[in-house]
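Below are the chains, spelled out letter by letter.
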Amino acid sequence: MTTITFPLSADTQKQRTTQEPAWIRILLIGLTLIFLTLFLFIPLISVFYEAFKKGADVYLAAITDPDAVAAIKLTLTIAAIAVPLNMVFGIAAAWAIAKFEFRGKNLLITLIDLPFSVSPVVSGLIYVLVFGLQGWFGSWLAEHDIKIIFAVPGIVLATVFVTVPFIARELIPLMQEQGTEEEEAAVVLGASGWQTFYQVTLPNIKWGLLYGAILCNARAMGEFGAVSVVSGHIRGSTNTMPLHVEILYNEYNFAAAFAVASLLALLALVTLALKTLIEFRNQQHQQRGHE
Amino acid sequence: MYTFKQHSILPGFNLALGFTLLYLSLIVLIPLSAAFIRTAELTWPEFWSTVTTPRVLASYRLTFGASFAAACVNAVFGLLVAWVLVRYHFPGKKLVDALVDLPFALPTAVAGIALTALYAGNGWIGQFLEPLGVKVAFTPLGIFVALTFIGLPFVVRTVQPVLEDIETELEEAAATLGANRWQTFTRIIFPAIFPALMTGFALAFARAIGEYGSVIFIAGNMPMVSEITPLLIVTKLEQYDYAGATALSVVMLVISFILLLIINLLQWWSRRRNSAT
Amino acid sequence: MSIEVLNLSKQFGTFTALHDVSLQVHSGELLALLGPSGSGKTTLLRVIAGLETTDSGQVLFHGEDATDQHVRERQVGFVFQHYALFRNMTIFENVAFGLRVRPKKFRPSNTEIRERVMKLLYLVQLDWLADRYPHQLSGGQRQRIALARALAVEPKVLLLDEPFGALDAKVRKELRSWLRRLHDDMHITSVFVTHDQEEALEVADRVVVMNEGRIEQIGTPDEVYENPASPFVYEFLGNVNLFHSRLHRGRAWIGSIEVEAPEHAEAEEVAAIAYVRPHEIEVERKQNGDAALAALVVHVLSVGPIVRLELVRKNDIDITPIQVEISKERFRELQLVKGDEVFIKPRRLSLFPNHQNKVNETAQAC
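Chains as they are written, first to last, in my numbering: chain E, 1 to 291; chain H, 1001 to 1277; chain X, 2001 to 2366.
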């Protein structure tokens, strides 16, 4: 860890009526860094350490293993379905909620947030209750030889469920803040509904949309509990990356487990980097707007 | 005069709302209702005995106890982290700020195996704790550690914006009236951020109760000792005890909804408190 | 193009925004809708534009019913209070928007669009800002771009919602006279909403004073200022003093002062309130025969060409100070200081019967 220095020049000292003495500041910063190091940084670093502990060959072998490749492909496929679906949903929900006044709006917002408060395990279970062999449509699906539970459609559904709120809850406050004047102006000037949406609304929300999509993608690729319940853990077929990590780990194949896990950790880091970048851009943008 | 919707010249309301409701119904509401409808097939005594067996009760105690302890630790350290990030400058602050969200972005299974490796007897951290007689991995203490990791960003991210919005003028006013730093904190700053702190606490607690992926690796999963309720649901499911799994998940859902209600009330309180100043 | 509004009513929940409003806007005139917030003026403007529906009533454009016409078909130019410029487009693209979204058949060619937009930008004197974005412009510049954008589609009617509301005082004044000149050049039928009486009186051909969803008075600025039709208009347009008085068969009494009131010939012992503008009060040091009201000088503000006096009646009942404005010359003649006794009488006044009160209850005050 680098040594921490504090700017304590004369002019900064002057405004210290609302500032704590230096030793308290150093103490608090120190405590924070120790806590975060123990609970955040070391776990993160250990993922990469464990992944490469047995050398790059073992690492490469683990992530190029056919089952691992199948898991990676499945995870990417699921995200490629779940994220666009929730994008369309998020835009539709935000358009209705932010641009119009109607009754029951707050209830609708609460319903959209609902999946966040449901345990992942329960999120998976409810789909088993609907589509599983014992479920509402179980026998009908079996007759028509359609597999949803313990198959890819079930994984997609469970993933969509847990990621429903991500994009909508980014867009709703953003579009509420932007108001309806610009859209009204476009309509007065003769634009059609789609022209108004594509030329006025969409450019104004694109960064919020991207932000929500990145968070949604991270969760979609990383979801474990819900997917675990509906997947059936069939290697090479219904195994997503997080499930593959679990299987390898339970087989005491730690190096391989951490190798696949390191890819997911990398995804998390990329997600955080993009997220920070967009936040930084928004800040700059806001400052420019206030000039 | 009853009007469902106020007039607007903007198009697409029916389409957007219709799609939203259809999607929500198909993806969220109908599947969720399945849990309640299937549970309703049980009689009340059947249901009650299913969700109150000693093994289930032990899992509640563990889940709620560990979640509560983790949320408490997060309330204290989350406030500290938020304070330091808002008020102080130090090298690498931007990086630290960005990494606080890591538990949101890192898949829970990855967090689970990483924490297990660290806190196992031969792990980086475990090797120092083991000689002291402290076992973390494969004990309830491990569950607490995992839940602390998972809930870390909640308090930080709810308190941080409120702390940023507190005007320095308020603190300067307190200082001119003779308050020292500690008095200013306890009487001016803390009351202002308290609703946000409670919101963050409740969010972390709610998340911890339902958590599965990060816990199962480190927990050891011994019935009566280190078996959390979500794991018990999975176990029952694997034993084809659908009725038992569904009954337990209804208990979890009801608790989640109550917590959601409390969180909404807290957020409403927090907003009102902040707009009043 | 003329606009006619017939018996418009509009309710928001339990709030009545418009109450049986009828109004005629002549072709080519610049009309101001003036009133306090909540008076229904913005709602009326939005109904004319087609942005808002009504519960009952009609809007006619050039004699034709446009009530059910969509805003896109009404060919109105609308300038929003906060400009509503498209933040993701350049100034040029903002002004060009209305032309670009036309169906292919009616869309001008790119060069034509370019010519028209640049002409408009030149008209609002901001052609040098074409490539900038809205956030790079000052408030006054944004306002002018919003106007140029509205004009680009060659509207038959121009509607402006609080066009100067968000600007600081100096820019407001400049834009005000600029808008007046622009209107004189283009003669497009225009309606603008404002809560600033000075703005309405200075810019508009005619002013519509609104209050609580109703029209209180319509007239030229002179008419509404000199002959307010109601107590509300009196109080809303400039300062005014209120005197309790008694009406009886075409005569009125304010204290000992008796005045003719032929328009109230039918009144029998009615309480009334006399409205008198500060500059329409005569001040004397001595009571020279005629009846007058005795008062004390409590405050003198002598900065500028007009001297403002604050007086209090000597009857101990009317404690609200009376505002009086006299010229500097008159002030020098009188040589007034705080505490002096003076005698005042209104030069001109308007009487409005006070229907709630019986004369006996307020007679004391006179």
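Derived from the structure by calculation, the hints contain no laboratory data. The reader is advised that the hints may include incorrect statements.
Here are the in silico distance ranges between beta carbons for each label pair [said to hold, decoys possible]:
| no. | chain 1 | residue 1 | chain 2 | residue 2 | range |
| --- | --- | --- | --- | --- | --- |
| 1 | H | L1261 | E | W23 | 22 to 32 Å |
| 2 | H | L1265 | E | V270 | 52 to 62 Å |
| 3 | H | W1269 | X | L2296 | 52 to 62 Å |
| 4 | H | N1264 | X | P2036 | 17 to 27 Å |
| 5 | H | W1269 | X | D2055 | 37 to 47 Å |
| 6 | E | Y49 | H | V1134 | 38 to 48 Å |
| 7 | H | P1191 | E | R235 | 35 to 45 Å |
| 8 | E | F137 | H | L1021 | 19 to 29 Å |
| 9 | H | N1264 | X | N2239 | 19 to 29 Å |
| 10 | X | E2212 | H | N1264 | 36 to 46 Å |
| 11 | E | N106 | H | G1065 | 32 to 42 Å |
| 12 | X | S2056 | E | H144 | 54 to 64 Å |
All of these numbers come straight from a predicted model, not from anything done at the bench. Glycine included, every Cβ here is placed at the ideal spot set by N, Cα and C.
Going down the list of hints, with the structure as the test:
A beta carbon spacing of about 44 Å between L1261 of chain H and W23 of chain E contradicts the range 22 to 32 Å that was offered as a hint. Judged by the Cβ atoms, the range 52 to 62 Å given for L1265 of chain H and V270 of chain E is violated: they are separated by roughly 37 Å. Our hint of 52 to 62 Å for W1269 of chain H and L2296 of chain X holds, since their Cβ atoms are close to 55 Å apart. Remark: the range hint 17 to 27 Å for N1264 of chain H to P2036 of chain X is contradicted by a beta-carbon distance near 37 Å.
For W1269 of chain H and D2055 of chain X, the Cβ-Cβ distance of about 38 Å falls inside the hinted range of 37 to 47 Å, so the restraint holds. Evaluation of the 38 to 48 Å hint for Y49 of chain E and V1134 of chain H yields a failure: the beta carbon distance comes to about 23 Å. In this structure the supplied range 35 to 45 Å is violated for P1191 of chain H paired with R235 of chain E, their Cβ-Cβ distance being about 56 Å. The given range of 19 to 29 Å is respected by F137 of chain E and L1021 of chain H, whose C-beta atoms sit roughly 21 Å from each other.
Separation of N1264 of chain H from N2239 of chain X is about 50 Å and departs from the stated range, judged on CB atoms against 19 to 29 Å. Checked against the hint of 36 to 46 Å, the pair E2212 of chain X and N1264 of chain H passes, with Cβ atoms roughly 37 Å apart. Separation of N106 of chain E from G1065 of chain H is about 34 Å and conforms to the stated range, judged on CB atoms against 32 to 42 Å. A hinted range of 54 to 64 Å for the beta carbons of S2056 of chain X and H144 of chain E is consistent with their spacing of about 57 Å.
Violated hints, in rising order: 1, 2, 4, 6, 7 and 9; the structure is consistent with all others.
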